[in-house]
Amino acid sequence: MRIRLLLVLALAAADLWAQPPMAQQARALEKLRRMAPEEREQALQDMPPARRRMMEQRLERWNRMAPARKQRLQGSLENFRQMKPEDQEHLRGLVRKFNETMPAGKRVEGRRALTHLRKLDPEGRKKFLGSRRMKERFSDGERELLDEMAQSMPD
Amino acid sequence: MNAKNNSCPMQNENAEILLSYCARTLEPEQVIQVEKHLLGCAECREWAAGQQAVWAAMDTWEPEPISADFDAALFARIAATEQPSAWERWTAPVRQFLQGGFGWRPMLSAGAVALTLVIALSIENPFRKEPPVGQSVKLEAHEIEQAERALEDLEMLRQLEAPEEETSL
Ligand SMILES: [Zn+2]
Chain Y
0 MRIRLLLVLA
10 LAAADLWAQP
20 PMAQQARALE
30 KLRRMAPEER
40 EQALQDMPPA
50 RRRMMEQRLE
60 RWNRMAPARK
70 QRLQGSLENF
80 RQMKPEDQEH
90 LRGLVRKFNE
100 TMPAGKRVEG
110 RRALTHLRKL
120 DPEGRKKFLG
130 SRRMKERFSD
140 GERELLDEMA
150 QSMPD
Chain E
0 MNAKNNSCPM
10 QNENAEILLS
20 YCARTLEPEQ
30 VIQVEKHLLG
40 CAECREWAAG
50 QQAVWAAMDT
60 WEPEPISADF
70 DAALFARIAA
80 TEQPSAWERW
90 TAPVRQFLQG
100 GFGWRPMLSA
110 GAVALTLVIA
120 LSIENPFRKE
130 PPVGQSVKLE
140 AHEIEQAERA
150 LEDLEMLRQL
160 EAPEEETSL
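These protein sequence lines are chains Y and E, in that order. Read the first sequence against numbering that gives the first Met the number 0 and you will find it ends at 154, with the numbers running on by one and no gaps. Read the second sequence against numbering that gives the first Met the number 0 and you will find it ends at 168, with the numbers running on by one and no gaps.
If you are wondering where the hints come from, they were derived from the structure by calculation, not from laboratory data. Where hints are given, some of them may not hold.
[Stated by the list, open to error] As a list, the in silico DSS-like pairs of lysine-lysine whose alpha-carbon atoms are at most 30 Å apart:
hint, chain 1, residue 1, chain 2, residue 2
1, Y, 125, Y, 105
2, Y, 69, E, 35
3, Y, 118, Y, 134
4, E, 35, Y, 134
5, Y, 125, Y, 83
6, Y, 105, E, 35
7, Y, 69, Y, 118
8, Y, 96, Y, 69
9, Y, 96, Y, 118
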């Protein structure tokens with residue numbers, strides 16, 4: 000019984016020791032999340048102010064997220080991390096483009112269209128993007144962007 | 000106002016104005032126009048109510064009571080999906096033994112057990128529990144970067160989700 004307990008502890012230690020990158024990220028995030036506000040402020044004090052504010056806002060949002068959503072996003076992040084670095088960068092670029100070029104009033108619908116597109120095969124995507132409804136709402140460029148995003152997204 | 004006139008956004012497949020109305024991004028005059036229409040059109044009213052529920056939920060996003068187990072379980076899951084390290088492959092028989100015992104064969108040499116224990120005991124306090132939120136935690140510079148990268152990509156992935164999923168549990 001004692002041996003078994005010791006082995007459990009030994010393996011727990013080994014896990015800490017040999018954490019893979021994704022787990023390290025999750026762990027760092029969790030540590031940050033658990034810090035007292037003053038401590039966090041101190042830890043982040045050397046960051047450029049704008050970057051730091053951005054990070055604090057994101058952390059705040061993450062903290063407030065429902066557990067089920069956290070879990071789903073964490074799953075998406077895992078899948079995203081499985082992608083080749085250049086594919087990850089490509090998708091980041093597409094999302095930047097979406098945020099910069101899609102008019103604010105269309106983004107909600109764009110995200111909805113994206114979710115739908117991801118469920119379709121190439122043929123279905125083509126049909127959906129060519130539908131009168133989509134053509135009325137999104138320009139050619141916008142529909143192309145949505146198509147490319149849908150194809151570049153992780154599962 | 001006629002319920003089914005030509006200006007009905009739903010009939011014209013022009014839900015955008017309703018979306019904007021729910022997102023509160025319309026000009027005051029447009030708001031009045033839409034609200035007049037909603038009075039007389041059940042279809043639009045119903046659609047807008049559904050949208051508004053989503054927005055209301057987003058506005059009142061309350062922090063979830065943090066379950067200590069939730070994040071721990073998440074990390075366990077993440078770690079489990081990672082490629083097994085050499086160390087994990089090497090200790091797999093021990094894990095099997097610990098998980099049930101039946102699959103375990105006396106494959107593990109006494110030396111391996113001893114080494115496992117030596118490592119366990121030489122790592123500084125590796126068994127401590129995560130401190131509760133707000134307690135003293137030290138964060139290294141590279142960890143800040145890791146957390147930042149995770150947050151950045153989580154934010155991106157969040158933006159890719161349909162708005163409906165923001166509140167789905
Ligand atoms: Zn209507």
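| task | Quick one: which hint numbers does this structure break? Sort them smallest to largest. | result | 2
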